[in-house]
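Novice: Letter by letter, the chains look like this.
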Amino acid sequence: MTEHTTPVPGIDPDFGTGPVTRSLWSDAFHALRRRVDVIIATVVALFFAVMAAVPRLFTATDPKSCDISQSKIRPQWFDGPHPLGTDLHGCDVLAQTVHGARPSLLLAIIVVAASLLIAFLLGSLAGYYMGVVDAVISRALEVFFTIPFLLAALLILSLFRSVEFGHGLFAVMLPPAIVLIMFGWVEFTRYVRASVLETKNLDYVMAAQTLGASDVRVIFRHILPNAIAPVTALIPTRIAAIISAEAVLAFLGIGIRPPEISWGISISRGADWFSGGYPHLLLPALTCLLVTILAFVVLGDALRDALDPKLR
Amino acid sequence: MGRYIARRCVQAVFTLFLVMLLLHVLSTLAIQLNGSPALAYFGDRSPTEAQIAAVEARYNLDHPCYDQPGNPCLGPFAERLGSYATGDFGTDLRERPVTELLAQAVPNTMRLFAIVTITWLVVGMVCGSIAARYRNRAPDQTIRSFSVLIDAFPVFVMLLVYKYIIAVPVGNWMQDRFGSDSTWALLFKPSFSAENPWLTLIVPGILLGATGGAASFIRLVRASQLENYNADHVRTARAKGLGDTRVTIFHIIRNSSIPVVTAIGFVFGEALSGAVITEGLMNIRGMGGLVWTAVGDSDIPVIISSVTLIAVLFLMVNLLVDLGYAALDPRIRYD
Numbered sequence: 001m002t003e004h005t006t007p008v009p010g011i012d013p014d015f016g017t018g019p020v021t022r023s024l025w026s027d028a029f030h031a032l033r034r035r036v037d038v039i040i041a042t043v044v045a046l047f048f049a050v051m052a053a054v055p056r057l058f059t060a061t062d063p064k065s066c067d068i069s070q071s072k073i074r075p076q077w078f079d080g081p082h083p084l085g086t087d088l089h090g091c092d093v094l095a096q097t098v099h100g101a102r103p104s105l106l107l108a109i110i111v112v113a114a115s116l117l118i119a120f121l122l123g124s125l126a127g128y129y130m131g132v133v134d135a136v137i138s139r140a141l142e143v144f145f146t147i148p149f150l151l152a153a154l155l156i157l158s159l160f161r162s163v164e165f166g167h168g169l170f171a172v173m174l175p176p177a178i179v180l181i182m183f184g185w186v187e188f189t190r191y192v193r194a195s196v197l198e199t200k201n202l203d204y205v206m207a208a209q210t211l212g213a214s215d216v217r218v219i220f221r222h223i224l225p226n227a228i229a230p231v232t233a234l235i236p237t238r239i240a241a242i243i244s245a246e247a248v249l250a251f252l253g254i255g256i257r258p259p260e261i262s263w264g265i266s267i268s269r270g271a272d273w274f275s276g277g278y279p280h281l282l283l284p285a286l287t288c289l290l291v292t293i294l295a296f297v298v299l300g301d302a303l304r305d306a307l308d309p310k311l312r
Numbered sequence: 001m002g003r004y005i006a007r008r009c010v011q012a013v014f015t016l017f018l019v020m021l022l023l024h025v026l027s028t029l030a031i032q033l034n035g036s037p038a039l040a041y042f043g044d045r046s047p048t049e050a051q052i053a054a055v056e057a058r059y060n061l062d063h064p065c066y067d068q069p070g071n072p073c074l075g076p077f078a079e080r081l082g083s084y085a086t087g088d089f090g091t092d093l094r095e096r097p098v099t100e101l102l103a104q105a106v107p108n109t110m111r112l113f114a115i116v117t118i119t120w121l122v123v124g125m126v127c128g129s130i131a132a133r134y135r136n137r138a139p140d141q142t143i144r145s146f147s148v149l150i151d152a153f154p155v156f157v158m159l160l161v162y163k164y165i166i167a168v169p170v171g172n173w174m175q176d177r178f179g180s181d182s183t184w185a186l187l188f189k190p191s192f193s194a195e196n197p198w199l200t201l202i203v204p205g206i207l208l209g210a211t212g213g214a215a216s217f218i219r220l221v222r223a224s225q226l227e228n229y230n231a232d233h234v235r236t237a238r239a240k241g242l243g244d245t246r247v248t249i250f251h252i253i254r255n256s257s258i259p260v261v262t263a264i265g266f267v268f269g270e271a272l273s274g275a276v277i278t279e280g281l282m283n284i285r286g287m288g289g290l291v292w293t294a295v296g297d298s299d300i301p302v303i304i305s306s307v308t309l310i311a312v313l314f315l316m317v318n319l320l321v322d323l324g325y326a327a328l329d330p331r332i333r334y335d
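Residue numbers (the numbering used here), protein chains in the order written: chain A, 1 to 312; chain B, 1 to 335.
With the rest of the complex left out, here is chain B (with noise of 0.2 Å):
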């Protein structure tokens, strides 16, 4: 188990040197063929030439290597490894380090994280359980057209729809009726409020959690429940003469769990292009609205520490999700 531990820990740093050095190399060329990324810096100014200089000397871009087509830059890259090693994750362009930034950013992601996560358990174990107990009768039939439904409503539509045609008039009339500061006035209201950010999130978290994985979370379980159904255990668990609800509790879904948990490592990756959208849209101010708006400034720097660290989550998430999965199922041996 420790030899299996340590090699994917190894594969996972080398993959994200990887993932660096892609984002390093397409970054370098995007900057060779726009021409400087300093002039974002000055909007609509016309700067002089040794502004641009000034500029592109903080932001580490007076390296040769960026007036030529083709050259990696490998050396940049290397102090910006060594950068990133020592926490220096640079500015944006309003001089803010972007370590800041996030860490502000960092716990709203995480909340609405969390009621997505809460959302996928409970829309899926509930859903899945049922279809899978009811199979190919009618609340099996129905779940499943429901989560076709859903699988079908992009995230991205889902909001826009909720934002515009429901949030609004909604929001509205909840605030004449309940006053603006009610309860019901903010789980409506059509924006984040960080006064607020529990209530003002549970709305957007729980149409990214249906619309961004329940319904692969709903199949997946109603998939590895059924194949418990006739197992040789189920089996026997009856003829001892069981009741349904323990047979159920007991021997059905605790045994089908395992596929279900290596699932939300799976479904993680969706949640987050998802998580995007969401903060961008619904202006929460995450990680997700913060690479949103930085895409909508040309913030280079945020962008590319934010996809950075994004993918450093990913990458963590998946190597807990491969382990834990070695854990808990005693069937599978690495070592």
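Extracted from the complex, chain A is given alone in its bound form (with noise of 0.2 Å):
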């Protein structure tokens, strides 16, 4: 890849009158800064990013605390204190919605961010040292890979539904979090194994071996930044699809549970009341979630043209 010309000492290798070269990333980026439709995608999922991060700037309504005799108020807009009404339990809608960005998206930042290590470890264990390591971490591919993902993760939440893992965001986030990992790891893993796999018998990197260069070095300097092209391209997918797989999760009462409040709790409540006349309760979390899933989805779409070596 072009990232390893080797630049001729006191000569700018992109001086001259010869087609520029750039690196795939840049060729990527400059691809990816024409699409209108890149840059609206990314100015939805920092939206929400920074709805996650700093709640408080949307709303200044506490979502927990919460009026029963305040119960199913319609959207008074700019008009009231609640603008998109209240739930059954007289919790001001816009309040949840805001904060429940927080949990919908860390899970799946936590999730990902937590495959990827993996990924790049046990991958590059697998595809560097073959033999027996590479048999072992193949099995356990495969047999991660026969249960489809979100059925695993039916199963397993609802074994260990009763566990307590204490309260607060982060131990309700553990259990779905745990899960969502166990089997988010495969994907990822067969793409880092494939490209190391592919890498490792090239000149470049015989020549760092032959220089004596430590297994460590090879792996991370030379091997494993190819294998960042393909697997980038793949995360906003991934992000994406946990932000869904919670809403499920959250519906079947087995994901992140009230009183913590989420994308997927809004929608599961408000799912109901739709047709009898409430559709504010289950709208604002509705066009939340679908709109964020949109914008990872568009990104992921263009990153993989962009980053496709192929294409260029």
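To be clear, the hints were calculated from the coordinates, so they are not data collected in a lab.
No incorrect hints appear here.
One side of the interface only, derived from the structure: several residues of chain B facing chain A at Cβ under 7 Å: (1) S27; (2) D151; (3) A152; (4) P154; (5) V168; (6) S298; (7) L315.
Quick look at which bits of chain A chain B covers, simulated, 3 or more residues with Cβ under 8 Å: (8) 135-144; (9) 158-170; (10) 247-260; (11) 270-276; (12) 289-295.
Glycine included, every Cβ here is placed at the ideal spot set by N, Cα and C.
Both chains are given apart, each in its own frame, so use the hints to dock them into the complex.
Specialist: Next up, the structure:
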């Protein structure tokens, strides 16, 4: 790949009349920033990221202070204390929607980050050392691949449903996070392993080995950078998948659970009331969920095209 | 070829064994941490010691290893494998045999999958072929943004929107307009009806097919056809003076269907997960619906045996796809 072009000392490789060579990354960046859909998707994703990080910017109401006598107020827009109305228990819908962004996004980020760590570790071990290590890791990949992601989550979370992990957002997020990580590393690991296998016999890797570079250095400096591009393209799509998985698990009562707040919980509570004349209980959370997922899917699609060396 | 098939079969059986071991270890750990699942049998009532012991004995939970956290309980695992081998998959909390429940459930799931597969093939082949034919022009751009859009709609949200926002008002209107047993009213009925399995499954099946995999199918068909558009044999066919339709159908579409066939195995897994959501939300009495209600009731025996069976199904489909790949593509020789 072009990152490894050897510059001649004293001469800028980009200087001169020949075609300018850029790295895969800067090519991708140039292609992406010209696309309107990518820019919109990035803005939307950033908007919800800010919402998750500092919900107070968007609402001053505490989502957990609910007054049952204020139950099911219709949206008041700018004329009252509850712009989007209140739910069954009298909680402010706007505040619930805004504060619901954090658990959904945080869960997705934790799961993806942990899966990536595992994938880079196991994928490079399996691809580089082959033999017994690879046999064991590949078997494990196959076993976890055989149980569909969502089914596994349903099974394990309902098995461990009554085990107490404590209170607070982090403790509530722990069981779904563990399960989603357990079955989320598989896809990434396959990609990492495949690109390690592809790269490790290339000349420049051989050269590094011959010069006496240690295994760790060869893996981290020379092999893994090649795996980053294909894996990066998967990340946004994966985040979108986790956000929607959270909604399913919350709907079944085995994901993030009340009294914590998440979009999934708001959707599962609001669904029954939609046709009963209270669409404002379902629509805000549902819209946020859909828009976020759409933004990440658009980003993932664009990244996949931009980072595909074949399409350069 | 024979040796290849044998090796793949042995591998599949071994993977299946590991899957069952994993499920067993997980459920054992859950029992050790949670306390006896026999309590779920009694619901809200508080049973005596003797009653619990009797239920534990019936569900083979009386082995002492279940009280020792960290013990993998290999003894009961061997027993369970033995009873699986004789076709005994245990009973649910209401003492109905799981095999009987599954036997009732499988036909509905198969119907759902038939509709899903037809949706994939029709949507994928038609949209993918059009997109490849008009590469980078308006139809291609439209289809690509359309596929991103349906990719973004999770199956769960799609069905939720359909059930609560569309089906209820439309179904009611159809009932008033055409009568409650008319084809139109049944088509938009928000829940499954056992008397009219096909009609009430069509819309959920199409939705599951469209959101759970159609997008990747379109992309795959497009990519594999594009490869063929510039291939030598297509240029030869055109040079011979063959018509455009003939070239497209016999030289491009036919040659690009091999990777499409192999994708079925991959997309099938997605559809299996989707089937759990679809059947659960739409109250379809299929394998997925069984898992969904069992999760609600904490009915562990049903969940474990249905997940095991679904894993078997998935392994078999993937095995068949791999073998089919070897048989279909003359360039691949495994022995």
